[in-house]
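**Student:** Residues per chain are reported as follows:
Protein chains: 2
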Amino acid sequence: MAGQRTLLTIAGSDSSGGAGIQADLRTFTALGNYGTSAMTALTAQNTTGVQAIHGVPPEFIEQQIHSVLDDLDVHAIKTGMLFDAENTKATVRALKTHYSARAMPPLVCDPVCVSTSGHTLLAPEALEVMMNELFPLTTLITPNKQEAELLLSVTITSLEDMVDAGRALLAHAPRAVLLKGGHLTATLADLNRLPPDVRVVRDGLYGENMEILAANAPRPENIVVDVLCEANGSTTVLARPRIDSTSTHGTGCTLSAALTCALAGGATVLDAALSATAYTHLGIQTAVKLGAGHGPLNHLHSVAQMSVPPPTLGNSYPLTRLLMSGNAALWKEYVEHDFVQQLGRGVLPRASFVHFIKQDYHYLKYYARACGLLAAKSDSFPQIASATQTITNVLREIATHRTFCAEFGVSAEELERTKESAATTAYGCYLMDIGLQGDTTKLLMALFACLLGYGEVGLWLKNSATDRGFVLEDNPYRRWIDDYSGPLYQTAVRIGIETIEARAVADPPSPARLAEWQAVWDRCTRLEKGFWSMALEVTGNN
Amino acid sequence: MAGQRTLLTIAGSDSSGGAGIQADLRTFTALGNYGTSAMTALTAQNTTGVQAIHGVPPEFIEQQIHSVLDDLDVHAIKTGMLFDAENTKATVRALKTHYSARAMPPLVCDPVCVSTSGHTLLAPEALEVMMNELFPLTTLITPNKQEAELLLSVTITSLEDMVDAGRALLAHAPRAVLLKGGHLTATLADLNRLPPDVRVVRDGLYGENMEILAANAPRPENIVVDVLCEANGSTTVLARPRIDSTSTHGTGCTLSAALTCALAGGATVLDAALSATAYTHLGIQTAVKLGAGHGPLNHLHSVAQMSVPPPTLGNSYPLTRLLMSGNAALWKEYVEHDFVQQLGRGVLPRASFVHFIKQDYHYLKYYARACGLLAAKSDSFPQIASATQTITNVLREIATHRTFCAEFGVSAEELERTKESAATTAYGCYLMDIGLQGDTTKLLMALFACLLGYGEVGLWLKNSATDRGFVLEDNPYRRWIDDYSGPLYQTAVRIGIETIEARAVADPPSPARLAEWQAVWDRCTRLEKGFWSMALEVTGNN
Chain X
1 MAGQRTLLTI
11 AGSDSSGGAG
21 IQADLRTFTA
31 LGNYGTSAMT
41 ALTAQNTTGV
51 QAIHGVPPEF
61 IEQQIHSVLD
71 DLDVHAIKTG
81 MLFDAENTKA
91 TVRALKTHYS
101 ARAMPPLVCD
111 PVCVSTSGHT
121 LLAPEALEVM
131 MNELFPLTTL
141 ITPNKQEAEL
151 LLSVTITSLE
161 DMVDAGRALL
171 AHAPRAVLLK
181 GGHLTATLAD
191 LNRLPPDVRV
201 VRDGLYGENM
211 EILAANAPRP
221 ENIVVDVLCE
231 ANGSTTVLAR
241 PRIDSTSTHG
251 TGCTLSAALT
261 CALAGGATVL
271 DAALSATAYT
281 HLGIQTAVKL
291 GAGHGPLNHL
301 HSVAQMSVPP
311 PTLGNSYPLT
321 RLLMSGNAAL
331 WKEYVEHDFV
341 QQLGRGVLPR
351 ASFVHFIKQD
361 YHYLKYYARA
371 CGLLAAKSDS
381 FPQIASATQT
391 ITNVLREIAT
401 HRTFCAEFGV
411 SAEELERTKE
421 SAATTAYGCY
431 LMDIGLQGDT
441 TKLLMALFAC
451 LLGYGEVGLW
461 LKNSATDRGF
471 VLEDNPYRRW
481 IDDYSGPLYQ
491 TAVRIGIETI
501 EARAVADPPS
511 PARLAEWQAV
521 WDRCTRLEKG
531 FWSMALEVTG
541 NN
Chain V
1 MAGQRTLLTI
11 AGSDSSGGAG
21 IQADLRTFTA
31 LGNYGTSAMT
41 ALTAQNTTGV
51 QAIHGVPPEF
61 IEQQIHSVLD
71 DLDVHAIKTG
81 MLFDAENTKA
91 TVRALKTHYS
101 ARAMPPLVCD
111 PVCVSTSGHT
121 LLAPEALEVM
131 MNELFPLTTL
141 ITPNKQEAEL
151 LLSVTITSLE
161 DMVDAGRALL
171 AHAPRAVLLK
181 GGHLTATLAD
191 LNRLPPDVRV
201 VRDGLYGENM
211 EILAANAPRP
221 ENIVVDVLCE
231 ANGSTTVLAR
241 PRIDSTSTHG
251 TGCTLSAALT
261 CALAGGATVL
271 DAALSATAYT
281 HLGIQTAVKL
291 GAGHGPLNHL
301 HSVAQMSVPP
311 PTLGNSYPLT
321 RLLMSGNAAL
331 WKEYVEHDFV
341 QQLGRGVLPR
351 ASFVHFIKQD
361 YHYLKYYARA
371 CGLLAAKSDS
381 FPQIASATQT
391 ITNVLREIAT
401 HRTFCAEFGV
411 SAEELERTKE
421 SAATTAYGCY
431 LMDIGLQGDT
441 TKLLMALFAC
451 LLGYGEVGLW
461 LKNSATDRGF
471 VLEDNPYRRW
481 IDDYSGPLYQ
491 TAVRIGIETI
501 EARAVADPPS
511 PARLAEWQAV
521 WDRCTRLEKG
531 FWSMALEVTG
541 NN
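Chains as they are written, first to last, in the UniProt record's numbering: chain X, 1 to 542; chain V, 1 to 542.
Just chain X, with the same shape it has in the complex (with noise of 0.2 Å):
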């Protein structure tokens, strides 16, 4: 929520939701920002045209419109249907009364006058109120060559006179006029024809040194053409491809919000337009096809649903929480493995525990040079003394291991000579090989779920020890629950957590790459429990 804007649309609503305020919140939330709305009329209309509307009261929109700006700090409004002189009026009264005092944000005007079925969505007497009164106070109005045609009294065939159209309108809007060549095609020799003053900006069509991308699509035969006509005297021809669709409806809303969200954030009217326009076009041309008649634009294209959700007060570890409950079942049968169990009741076989402890041993020798191959592959130094700091606390746990096996009579020596399982090669081999095949984030994830799992298991062991069939006096294991569920160990656990909640925050997963993370995570549980069992079998105790 942080970053978005609060925008206000003043406009129809449309039940079927492709155009009005519908297409304009949704263009608002596509784009991340908050919406706010006024509503002028309501429609009861579908892909196949207007079936009927519902005048609202010229008052009831000026309360709307003050509930919002009372309470609310707007970044910028757009304005669509109006539906008659009175409700145009109201509208400009409304934000008058709100902007006599201070400066009014950008406000962009679309002047919508007949629908893409062909209603009229306007009082003819209220083009000229909108024209007098509302014009003056925009940053930008949005018509297209129909309204255009209407508002000037000319007929536009062209894509000059469409260069000429917009410019006169400058005369009415005297900031920017936006006209949008939806229902005008042209072709490349047009573009070419432009006097020199006239910028052409080609969107979708290869610019320089992208002959190879050039080489291998197709060649547009029609383009589409918008013409940008700003105060000072600048002209710019945005063109595109023709998208041959009928998922059109709600286009002119569509552009006019997408261009409310660019002003809000800061874009110049250029910017605005250059954004807007795509966006708008790539609606189009991801849509598919809903209703009988002109089906909505797809606004979904510029967003993505999130697969890990933000850390929260309530849930400040997102990303491990997703993975240990990703395979639930899998982690319990880890944790509380029948080893940990006997280890846990003091009862373990002692030629279990050494052989564990051997072979951890050898383990922790891969998980070293694990962390090296990280040190290797980091690029800032925090992640190499990070990744060095693992390895210097995995040199204090081999001296532990040798202290054990000096209390369990295993030399250093023979723990030295002790031959490796191939639970421990397997498990080993796994690391080195995820720190070869992938980046640091995938090595990180096959790292802690060894530091995770043993963190847990510390816990589960120390935690509710009695509650749980658990006994920590006398326990001839009693050192190693200690241990892992110590300070210095939970520490560690803890930097580890929030090391992986902190990359998937700065560079969040799509869902394939969070899977590929849960295929990992699930691999290494799956591994240390085989290493469990492999310590019971030593003694047939499984």
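Keep in mind that a hint or two might mislead.
[Claimed, not checked] The calculated label-pair distances, taken between Cβ atoms and stated as ranges, are: (1) P196(V) x A512(X): 55 to 65 Å; (2) A231(X) x Q305(V): 26 to 36 Å; (3) L472(X) x E160(V): 32 to 42 Å.
The set of hints was computed from the structure by calculation and includes no laboratory data.
Note that the Cβ used here is the ideal one computed from N, Cα and C, for glycine as well.
Chain V: place on chain X using the hints.
**Tutor:** Quick look at chain V alone, frame taken from chain X:
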């Protein structure tokens, strides 16, 4: 748009956007669905309260519902504020008419009676109509404590009362009741006192084998519960930590809208309740205060802005295009480098060309090795095959280099003996380093900047050669130009482009990841430029 389901909300409008159809449509959008709406009443309101209400005529409500349902295939419906008895009857009439002969999709009824700010939103006489005529049609009703008290004429003061009320409401809404407990505070002890036939789901309250997470997170004092009672007799209590927030305007609308999304997607009522309450809860938790009173939730926590647009007919290669135009000036300096221009005009000193070919020969050894590394990092046979194919292509390319050298009087032995220049080492080792550091996609970016760059240079020299002042006839470097603009190399270029585009679609990069790719691309472009410059410097012709 593929995968978007069409939903209908029949509810009131909230000018301030936090509740009503605005909250519904925002929720539908954020959860990836397409929303339609039938307006029952307009409110002029903001975060401090409701300033005015304009009821919509009942026949116009029916018309809106018919316009939507006659044209669009609606996957789920929700009702919110119905305003009065006539409008409630109109809603029921329209739904019954439309679904007289066919099955109604899931219907969620949020029995909105009173606003968060205390404003009555449903005329008292409408309550009975809603209970007797609308409830029987529903999949689920979602009253809050106050509404349940009104509907049942009871007082609810405890978690046990909530369970009783939820079960009692099943007499009216025969399929399922989700009784919202936002206005009631419970404790963990209350949860533990619930009878065994009540299932408790704890969300944001860490579960089994998550002690390392719980150890580092605050333990919630107060709990908020929602109670789901289903026709099959099952009762589920959904418990979460209570959030201390004023951003609760539109909570009920958001919840019922999220339920509608989940049910439209085929979820069970229980799964829908779990995901919708989680979505709403996160909306409150991640909200930023807006307005002077009860502000809206953050509906956008579930979505992220895409950093690469989807491929379309007019823009088939959006990622490659972004990379090329990310630093267009640098890309142009590389493609149109003096070395290339002199080569195109046939005036490049032979010594420069020979030096270039000799160094490129060494560089290609790195390139082949980097492809070997790519094969080693790949986790599928097609990926391994593709990396191997590139090595095969490189081996063919070096055969050409040997032939060139022979033509220019350089023996194979001299070619092998040539010392590697720093520019070659820099570029070659950079490829190996990226291969060590990152995942396969990052390595592909490094490999393809070179592949695509030579493809672009080849076409730039060949296409419109005369216009650009290049000569092909009698050009001593004709063979080089033909090779890189020819079908064999250009096919490899096309495959390269399609490979990285497919990666961006399968695993859409976050902005941070795209920035990393762009950095690799730009770095390679600079190293390529350095390679040309090195060749010119050898003859002092730069």
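**Student:** Now, for every hint given, state plainly whether the structure supports it.
**Tutor:** Consistency of the hints with the structure:
Checked against the hint of 55 to 65 Å, the C-beta distance between P196(V) and A512(X) comes to roughly 42 Å, which is inconsistent with it. Range check, A231(X) to Q305(V): Cβ separation about 31 Å, and the 26 to 36 Å hint holds. L472(X) and E160(V) have their C-beta atoms about 39 Å apart, which keeps the hinted 32 to 42 Å range intact.
This entry does not satisfy hint 1, going by the numbered hints stated previously; all others are met.
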